[in-house]
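Here the protein sequences line up with chains A and B, keeping their order.
Note that the working numbering has the first sequence beginning at 1, numbered continuously upward.
Note that the working numbering has the second sequence beginning at 1, numbered continuously upward.
Since the hints were made in silico from the structure, they are not lab data.
There's no promise every hint is true.
[Claimed, not checked] Straight-line C-alpha distance at most 27 Å; calculated DSSO-like pairs for lysine-lysine:
{"#": "1", "chain 1": "B", "residue 1": "406", "chain 2": "B", "residue 2": "350"}
{"#": "2", "chain 1": "B", "residue 1": "94", "chain 2": "A", "residue 2": "37"}
{"#": "3", "chain 1": "B", "residue 1": "94", "chain 2": "B", "residue 2": "80"}
{"#": "4", "chain 1": "B", "residue 1": "167", "chain 2": "B", "residue 2": "94"}
{"#": "5", "chain 1": "B", "residue 1": "48", "chain 2": "B", "residue 2": "80"}
{"#": "6", "chain 1": "B", "residue 1": "80", "chain 2": "B", "residue 2": "167"}
{"#": "7", "chain 1": "A", "residue 1": "37", "chain 2": "B", "residue 2": "167"}
{"#": "8", "chain 1": "B", "residue 1": "94", "chain 2": "B", "residue 2": "48"}
{"#": "9", "chain 1": "B", "residue 1": "197", "chain 2": "B", "residue 2": "350"}
{"#": "10", "chain 1": "A", "residue 1": "31", "chain 2": "B", "residue 2": "197"}
{"#": "11", "chain 1": "B", "residue 1": "94", "chain 2": "B", "residue 2": "76"}
{"#": "12", "chain 1": "A", "residue 1": "31", "chain 2": "B", "residue 2": "407"}
{"#": "13", "chain 1": "A", "residue 1": "37", "chain 2": "B", "residue 2": "350"}
{"#": "14", "chain 1": "B", "residue 1": "350", "chain 2": "B", "residue 2": "407"}
{"#": "15", "chain 1": "B", "residue 1": "80", "chain 2": "A", "residue 2": "37"}
{"#": "16", "chain 1": "B", "residue 1": "80", "chain 2": "A", "residue 2": "31"}
{"#": "17", "chain 1": "A", "residue 1": "31", "chain 2": "B", "residue 2": "167"}
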Amino acid sequence: MGQYLPILALLILAVLFAAISFVASGLFAPKRTTSAKRAPYECGVEPAQDTPDRFPVRFFLVAMIFIVFDIEIIFLYPWATIFRQLGLFGLVAMFIFAFAVFESFVYLIGNGALDWGPVKRAVRRELVDPGRTANTTIRRVGAEGRMEFDDVDTRTATPGEAA
Amino acid sequence: MPAIFSLDPLFLGDAGNLEILAIVLAKVVIAFAGLMVSVMLMVWWERKFISDLQNRIGPNRAGPFGILQTLADGIKLFFKEDLIPDQSDRFVFKLAPYLSLVPAFLVFAVVPIGGDFSNGGDGLISVFGNDTYVQLADPHIGILFVLAMSSIAVYGIMLAGWSSGSKYPLLGSVRASAQMVSYEAALGLALVAVLLKTGSLSTTTIVREQAGEGPEFLGLFPMPDWNVIVLGVVPFIIFFIATTAELNRPPFDLVEAEQEIVGGFHTEYSSIRFALFFLAEFMNVVTMSAVMVTLFFGGPAGPDLGVLPAALWGFVWFFAKLFVFLCLFIGLRGTLPRLRYDQLMDLGWKLLIPLALGWVLFLATLDVFSDRGWTSGGERLVVTGVFLAAMLVFAGLLMVAISNGKKARERDGEEVFG
């Protein structure tokens with residue numbers, strides 16, 4: 001365990017440094033606190049909402065997939081240090097193992113488990129003439145009144161899906 | 001014995017306990033002071049360099065060229081009011097800076113920063129008749145210690161954001177932890193490639209393996225035997241990108257994206273607590289650059305060019321390589337725009353991790369078959385070809401999965417114009 005002695009010494013020194021910094025700050029720093037200063041940061045206005053207790057489930061998914069990969073990496077380390085002694089046997093075993101993990105990874109990706117951000121789906125509406133009509137003299141602007149969807153991403157929109 | 005396990009002989013010899021303790025304490029204090037000074041200089045150099053990139057002058061008041069600016073800022077922060085928000089979890093709020101700072105210090109313990117590795121040297125120096133390495137510690141787990149410490153640093157950031165009781169720190173810390181664990185997987189896989197070649201986790205052994213001359217460059221002159229060349233450049237690039245993301249440096253600084261979430265996880269921190277986070281961040285930049293130098297660029301190994309004593313050339317080479325990396329990080333910050341979160345996650349999971357895994361298996365396959373006598377050019381080509389064909393199949397599979405996932409999400413997506 002002697003090899004870890006310097007690390008322990010550095011650990012103690014680092015903790016001491018942080019602790020002494022806090023003590024020094026406590027001695028030197030002014031204490032003129034007000035409730036406004038202690039309020040949650042909201043660019044100077046009163047917070048309109050409380051801090052959310054929940055956040056998107058995708059972050060949990062990332063953590064779980066990370067554990068799967070971390071386990072794979074943990075198995076890779078000991079193999080990597082002695083793979084020459086293990087030879088072909090070790091290589092084949094590692095290929096099988098890597099394939100097993102990769103396959104579950106592909107399944108996750110295929111289900112969109114690691115995709116982020118809102119996705120919008122462009123849908124064709126009933127098309128109207130953008131020009132003036134007998135009902136209104138207001139010329140319609142924007143994509144919704146146009147005969148063409150030139151500027152709109154219509155990759156996923158099919159005529160059958162028209163709303 | 002030390003050649004195989006590469007343990008620091010200081011603890012294996014017959015030196016007295018007090019003598020060992022004195023040497024260890026001296027090393028620790030020097031490392032601590034050196035690290036603090038290097039972080040101070042790094043912060044100053046980053047501000048100065050980025051100013052040049054942006055046509056500004058940068059700090060130029062405190063000391064010559066403003067070199068003492070960081071020190072002045074640090075002292076100023078001691079005199080600033082230390083606020084603890086009402087809605088925070090007070091214990092965790094106070095604990096988080098420790099969790100962030102202490103691992104940043106500890107990573108440096110396993111980095112060899114000097115020693116003479118030229119001409120088959122073992123990198124040992126003699127301190128009052130006791131042989132020791134020019135690094136704090138060289139335990140069996142070696143480089144795994146770096147990974148362990150960088151994992152603990154995630155807790156510091158996660159808990160800092162969570163305990164603040166405020167929405168921007170929470171968002172920042174959730175982003176940070178997802179980003180850091182994602183890229184830690186890529187980091188770990190790129191590291192496996194180094195272990196394939198070295199067969200040891202010890203950082204000293206990794207450096208020693210890279211000393212000397214490597215393959216010839218187009219048959220003209222020998223290149224250094226650095227891992228970055230021997231392993232193909234791919235593991236290094238993956239490691240570098242993953243490190244940048246681990247460090248939350250631009251272009252991966254979504255954790256502190258000030259236009260979106262103020263200051264990220266340390267929004268509610270002020271005074272010396274903020275200073276410690278800041279210190280930890282820059283210390284991580286320095287230590288992770290040092291780790292990259294160790295793993296891929298031969299650390300302190302380099303030719304002995306005379307003039308200086310041989311033992312000093314180790315320091316010179318190490319700091320020269322380190323400086324290049326520090327400038328590279330600053331250059332990235334000065335030139336690249338920040339990624340979007342989905343781009344960040346896609347890069348990590350769908351490109352870097354599969355590529356790193358494939359590359360590791362490729363290197364292992366080549367080595368195993370050359371051990372079995374498949375050493376001629378034609379035979380190696382066959383192995384490479386078969387492997388590449390198999391990998392293309394898997395890459396195609398992944399591509400199909402990605403497009404399927406995208407389609408499924410678009411089907412469930414919110415309608416526009418609907």
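| query | Does residue 94(B) pair with residue 37(A) here, judged by a C-alpha cut-off of 27 Å? | reply | holds, 17 Å
| Restraint check for residue 94(B) with residue 48(B), where alpha carbons must lie at most 27 Å apart | violated, 32 Å
| query | When you check the alpha-carbon spacing of residue 94(B) and residue 76(B), does it fall within 27 Å? | reply | Status holds; Cα separation ~20 Å.
| Holds or violated: residue 197(B) to residue 350(B), with C-alpha atoms at most 27 Å apart | Since the Cα atoms of residue 197(B) and residue 350(B) sit roughly 26 Å apart, the hinted pair holds (cutoff 27 Å).
| task | Would you check the hint for residue 80(B) and residue 31(A), treating anything up to 27 Å between C-alpha atoms as holding? | result | Between residue 80(B) and residue 31(A) the Cα gap is close to 9 Å, so the pair holds against 27 Å.
| field | Pair hint outcome, residue 80(B) versus residue 37(A) [Cα-Cα no greater than 27 Å] | value | holds, 13 Å
| query | Holds or violated: residue 37(A) with residue 167(B), Cα cutoff 27 Å? | reply | Since the Cα atoms of residue 37(A) and residue 167(B) sit roughly 16 Å apart, the hinted pair holds (cutoff 27 Å).
| task | Measure nothing beyond the straight line between the CA atoms of residue 31(A) and residue 167(B); if it is 27 Å or shorter, mark the hint as holding. | result | It holds: about 25 Å lies between the C-alpha atoms, which stays within 27 Å.
| Holds or violated: residue 80(B) to residue 167(B), with C-alpha atoms at most 27 Å apart | holds, 24 Å
| task | Compare the distance between the alpha carbons of residue 350(B) and residue 407(B) with 27 Å, and conclude whether the hinted pair is satisfied. | result | holds, 16 Å
| Holds or violated: residue 31(A) with residue 407(B), Cα cutoff 27 Å? | Judged against 27 Å, a Cα distance of about 57 Å means the pair is violated.
| said: What's the verdict on residue 48(B) and residue 80(B), does the C-alpha distance respect the 27 Å limit or exceed it? | reply: holds, 25 Å
In the structure shown, a violation is registered for the earlier hints numbered 8, 10, 12 and 13, in ascending order.
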